[in-house]
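Protein chains: 2
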Amino acid sequence: ARPRVGYYFSGKTPGSVLAEKLHNIKVGEIKSVPVVVPEQCSVYDAVVTMFIEDVGTLIVVREGGLLEGVISRKDLLKTTLGGQDIHKLPVGVVMTRMPNVITVEPDDSVWLAAKRLITHEVDALPVVRPVRDDAGSLEVVGRLSKTNIARLFVELGEGGG
Amino acid sequence: ARPRVGYYFSGKTPGSVLAEKLHNIKVGEIKSVPVVVPEQCSVYDAVVTMFIEDVGTLIVVREGGLLEGVISRKDLLKTTLGGQDIHKLPVGVVMTRMPNVITVEPDDSVWLAAKRLITHEVDALPVVRPVRDDAGSLEVVGRLSKTNIARLFVELGEGGG
Chain A
7 ARPRVGYYFS GKTPGSVLAE KLHNIKVGEI KSVPVVVPEQ CSVYDAVVTM FIEDVGTLIV
67 VREGGLLEGV ISRKDLLKTT LGGQDIHKLP VGVVMTRMPN VITVEPDDSV WLAAKRLITH
127 EVDALPVVRP VRDDAGSLEV VGRLSKTNIA RLFVELGEGG G
Chain B
7 ARPRVGYYFS GKTPGSVLAE KLHNIKVGEI KSVPVVVPEQ CSVYDAVVTM FIEDVGTLIV
67 VREGGLLEGV ISRKDLLKTT LGGQDIHKLP VGVVMTRMPN VITVEPDDSV WLAAKRLITH
127 EVDALPVVRP VRDDAGSLEV VGRLSKTNIA RLFVELGEGG G
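Those sequence lines, one after another, are chains A and B.
The opening position of the first sequence corresponds to residue 7 in the working numbering, with each subsequent residue numbered one higher.
The opening position of the second sequence corresponds to residue 7 in the working numbering, with each subsequent residue numbered one higher.
Some hints could be false.
Identical copies carry no separate label here, and so any pair may be met within one copy or between two of them.
Said to hold, decoys possible - For lysine to any residue, the following SDA-like pairs were computed, each having C-alpha atoms within a straight-line distance of at most 20 Å: (1) Lys121 - Glu164; (2) Lys32 - Phe57; (3) Lys121 - Asp60; (4) Lys94 - Glu164; (5) Lys94 - Cys47; (6) Lys27 - Lys80; (7) Lys80 - Glu45; (8) Lys94 - Ser48.
Just so you know, these hints were derived from the structure itself, not from any lab.
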């Protein structure tokens, strides 16, 4: 049992305590609600949705909330410059499409999610769960962004254990 | 002296060790190079600069690298939708202007920077140093974004001390 004096002997260096702590926090504990659109949604409506919901990444799904792709603020900015009619252009044409979408699962560590955000240079990841079908479909159950990481960083620095 | 056996008695809970560690890392240690444009730069050229430099926030400066404002991917996306001629529109018209820019200094903690990113809902902060003049000018010496926070998070989770 831990002594109730505000400390205990952990047998670990501060560095390893910190590393272990970061690996023990799960994506499911800090994920946000996903903001989703269908593939037929116009680029214009996608931009409007992004502003209304105040997110930097939209997740594109088909029936059943199954992952089709993702579209970022950067993708949309590039498209608005392209001179196309963004009222007619569907997001399906400009999104990053499966299987090229980087995802994370609720039981993965937040550390792994951060690692994927940095390695793949994206702002957010769809949080998914595999579906039992033959197509390897993924059900979208959340969204994990650099904002979630920064918010967690702030909370961890506020102390507690 | 610390025993050389891979641990020592810190007298602190893991939570407070973690919090202290996060507060001890300074902005100056992890900041990125600032990507700057002058106020007269067109919105179009700003978007191009953002893509070339692959950043989400540009810092607007006047002569001497003094802070005038910031412009985000979100600001630019809103502008491209507005139907104005973005080749003629200067960023000075659409940027967030001083004194409304949230900044951080090199000796501030990364924790404080993360707190400001979250509280003020921005993606990046100019890192500045006060200049000795009567105008309260700030010299831009870096940029600190949610990406820097996520990268630090990954590094801390890799262990070490």
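Right, here's what the structure says about each hint:
Within a single copy, Lys121 and Glu164 get their C-alpha atoms only as close as 23 Å, which misses the 20 Å cut-off; across copies the closest is 10 Å, which meets it. Taking CA atoms no more than 20 Å apart as the test, Lys32 paired with Phe57 passes in neither setting, with 28 Å inside one copy and 33 Å between copies. For the identical chains of this complex, Lys121 and Asp60 are inter-copy neighbours only, at 19 Å across copies versus 24 Å inside a copy, given an alpha-carbon limit of 20 Å. With identical chains, the CA atoms of Lys94 and Glu164 are never at most 20 Å apart, being 48 Å at best within one copy and 46 Å at best between copies.
In this assembly of identical chains, the alpha carbons of Lys94 and Cys47 lie at most 20 Å apart only when taken from the same copy (9 Å versus 31 Å across copies). For the identical chains of this complex, Lys27 and Lys80 are neighbours neither inside a copy (33 Å) nor across copies (34 Å), given an alpha-carbon limit of 20 Å. For a Cα distance limit of 20 Å, the shortest separation of Lys80 from Glu45 inside one copy, 18 Å, qualifies, whereas the shortest one across copies, 22 Å, does not. Proximity of Lys94 to Ser48 under the C-alpha cut-off of 20 Å is restricted to the intra-copy arrangement: shortest distance 6 Å within a copy versus 27 Å between copies.
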